[in-house]
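*Asks:* Sequence:
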Amino acid sequence: MAANQNDVLSWTSQDPRQSQLFSPWGVVYRFQTETNPNNGQSTTTVWRAIRANREDRVAKLEWAPGGGLGRAVIGKNHLPMADLVRRDPRMPNSRVFNGPDGFQYRWRPSTTNQDILLQDPNNNVIAFVHPTRPTRYQGVGDVYAELHFVRSAGAGVVMHPPLMDTVTVTAMLYRFASAFNL
1 MAANQNDVLS WTSQDPRQSQ LFSPWGVVYR FQTETNPNNG QSTTTVWRAI
51 RANREDRVAK LEWAPGGGLG RAVIGKNHLP MADLVRRDPR MPNSRVFNGP
101 DGFQYRWRPS TTNQDILLQD PNNNVIAFVH PTRPTRYQGV GDVYAELHFV
151 RSAGAGVVMH PPLMDTVTVT AMLYRFASAF NL
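In full-length UniProt numbering, the protein residues as written are 1 to 182.
Derived from the structure by calculation, the hints contain no laboratory data. For glycine and all other residues, C-beta sits at the position ideal for the given N, C-alpha and C. Treat the hints loosely; a few may be bogus.
[Unchecked claim] So the derived label-pair ranges between C-beta atoms look like this:
no.	residue 1	residue 2	range
1	L182	T35	16 to 22 angstroms
2	T45	S23	25 to 31 angstroms
3	D88	D15	33 to 39 angstroms
4	S110	N36	36 to 42 angstroms
5	N122	R86	27 to 33 angstroms
6	Q32	L79	17 to 23 angstroms
7	Q18	G156	30 to 36 angstroms
8	R87	P37	30 to 36 angstroms
9	P92	P161	28 to 34 angstroms
10	N98	Q138	37 to 43 angstroms
Make a model of the complete structure from these sequences and hints.
*Replies:* Here it is in structure tokens:
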């Protein structure tokens, strides 16, 4: 896959719950995690830039006590976070989720490199997370990965907001679940 066919977002922070995804045009997604000092409940809000100085909330992730997977609120839908990173018994280290279109998608490790691939129902790679050596970006922070959207793959809908937002949220959850073996 040629890089110029992909839309690439650089991903800051080793902790995906407190990170940003940005392109040369600015921050596209922002993960902001806050902990309630009274009960210790952590909540991650996922924001998407819609224009300069304007963001929309994509999702709210309410973590279980102790930092485990809790509940996700995406739009008007409430569901267990675990539904967005269900283990796929057919493929080791793979996670599946149902997209906003009702189809099942799969995050899985690449067999040829360190990338984590997102496959559509027809096994087309429509996005992938590419780990990078930490690189400092002035004013943004250190980048640890890139999220590539393969615009031309499959039905070509990965860049449409409902699916793009779900891909971004599930990529974060995959990174988190893999790091903590959840």
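*Asks:* Decide, hint by hint, whether the structure agrees.
*Replies:* Each hint tested on the structure:
1. Judged by the Cβ atoms, the range 16 to 22 angstroms given for L182 and T35 holds: they are separated by roughly 18 angstroms.
2. For the pair T45 and S23, the supplied restraint of 25 to 31 angstroms is violated, since their beta-carbon distance comes to about 20 angstroms.
3. Our hint of 33 to 39 angstroms for D88 and D15 is violated, since their Cβ atoms are close to 25 angstroms apart.
4. Between S110 and N36 the CB atoms are about 38 angstroms apart, so this pair conforms to the stated range of 36 to 42 angstroms.
5. Taking the beta carbon of each, N122 and R86 are about 19 angstroms apart, not inside 27 to 33 angstroms as hinted.
6. Checked against the given bound of 17 to 23 angstroms, the beta carbons of Q32 and L79, roughly 21 angstroms apart, stay inside it.
7. A hinted range of 30 to 36 angstroms for the beta carbons of Q18 and G156 is consistent with their spacing of about 32 angstroms.
8. At roughly 34 angstroms, the beta carbons of R87 and P37 sit within the given window of 30 to 36 angstroms.
9. Our hint of 28 to 34 angstroms for P92 and P161 holds, since their Cβ atoms are close to 32 angstroms apart.
10. A beta carbon spacing of about 39 angstroms between N98 and Q138 agrees with the range 37 to 43 angstroms that was offered as a hint.
Checked against the numbered hints given earlier, this structure breaks hints 2, 3 and 5; the rest are met.
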